[in-house]
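Participant: Working from the sequences, and respecting the hints, build out all of it.
Residue numbers (our numbering), protein chains in the order written: chain H, 1 to 218; chain V, 1 to 218.
Derived from the structure by calculation, the hints contain no laboratory data.
As the list makes no split between identical chains, a pair holds if one copy fits it or if it spans any two.
DMTMM-like, lysine to aspartate or glutamate: derived pairs with alpha carbons at most 25 Å apart:
| hint | residue 1 | residue 2 |
| --- | --- | --- |
| 1 | Lys45 | Glu144 |
| 2 | Lys124 | Asp12 |
| 3 | Lys45 | Glu8 |
| 4 | Lys45 | Glu181 |
| 5 | Lys45 | Asp35 |
| 6 | Lys45 | Asp65 |
| 7 | Lys45 | Asp156 |
| 8 | Lys124 | Glu113 |
| 9 | Lys45 | Asp136 |
| 10 | Lys45 | Asp63 |
| 11 | Lys45 | Glu62 |
| 12 | Lys124 | Asp136 |
| 13 | Lys45 | Glu113 |
| 14 | Lys45 | Asp12 |
Number of protein chains: 2
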Amino acid sequence: MPTITAFESSPDRGRGQARDMRVRWALEEVGQPYDVRLVSFAAMKQPAHLALHPFGQIPTYEDGDLALFESGAIVLHIAERHAGLLPAESNARSRAIAWMFAALSTVEPPIVELTMAMLVERDKDWYAQRLPMLQDRVRVRLSELSRHLGNADWLDGAFSAADVLMVTVLRRLQTSGLLDECPGIAAYVARGEARPAFRRAFDAQLAVFNASSPPTAS
Amino acid sequence: MPTITAFESSPDRGRGQARDMRVRWALEEVGQPYDVRLVSFAAMKQPAHLALHPFGQIPTYEDGDLALFESGAIVLHIAERHAGLLPAESNARSRAIAWMFAALSTVEPPIVELTMAMLVERDKDWYAQRLPMLQDRVRVRLSELSRHLGNADWLDGAFSAADVLMVTVLRRLQTSGLLDECPGIAAYVARGEARPAFRRAFDAQLAVFNASSPPTAS
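Facilitator: Given below as structure tokens:
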């Protein structure tokens, strides 16, 4: 049974925005049970964890004598070894992998830049001036993605590993208000969140948060 | 023979920092001839190109009835179909793919953020204050990468598609001065640039620039 790592203390208070969520969801989609080892922020920068993840982050993935890092690579590894997350037809499979890279290389960076600025530059003099620029960069991507999706349910035919990555990338916008501007994208995210495998993955990471913190009214 | 797209007018004046360089290099490593179709910035946002690349960028890759986008996905597609860019052994192959994602998801975003700010925010009031923060984010990644590389020539054993992506990502730092602070990383980049396949790819993209602009003394 594979073992993944996740934050011991979730900085998003159980909203499932850390990158272990992608791996949990992919494992749930293919019905592969897994163990979770929780790591503290201090432990992530220690030699034992750095041997698994050279950049000192989560998630990692260990299965027998294989150790992997990078959520995209882990999801692809799972998708290549189980049915259900990649099309069987060769061209469709390559296109699904292209969308996996698109989620992480083209859509995620401006989203991370915006949400990081909202977190760490909110008190700076320049925040009010830079915020619209960062929002507009994300809006461009959402608009392009929306045009591509049209009335389709998923990125390229059947649900795939690319949707696992894209939906989890877009969920990082939840506190930004930008999803509300794009009903088509918001509906796409909601379709992903409605999948039973997503719910199981979400509940599993929420249980970690609840076990480490007393429940609050919010 | 596959056809890729590249900028009609290289914004880097032939320094080979656009993302077609990665695909050219991978194709040269495996000895696969290719055609190039040049596209203008205006054409990239037109329906014909958007049908190939939903985000209106380069490179794209067409081969028979397959059309792909995302440089990482294209390089992986090439590496899966030709010998020389991915290890044959299963675990080593998965690790090489993890490093491909690491190059694009973990190392490239702070580099793009820094170089984009150097390009478009240089005249802003906040530039002098933000620059050190952006540089430090890149320095953290370079330091982690440097620790991982140690005395090794390549990221994980033999040269692979991951090195194609990582070296091209790091080359974007050439105007930042940060490579000079990390001799180990600079030597790694130089090793990549010294490969005959890199030189052929570099010369091919430079020829496009030279054909469109009169040579200058610089």
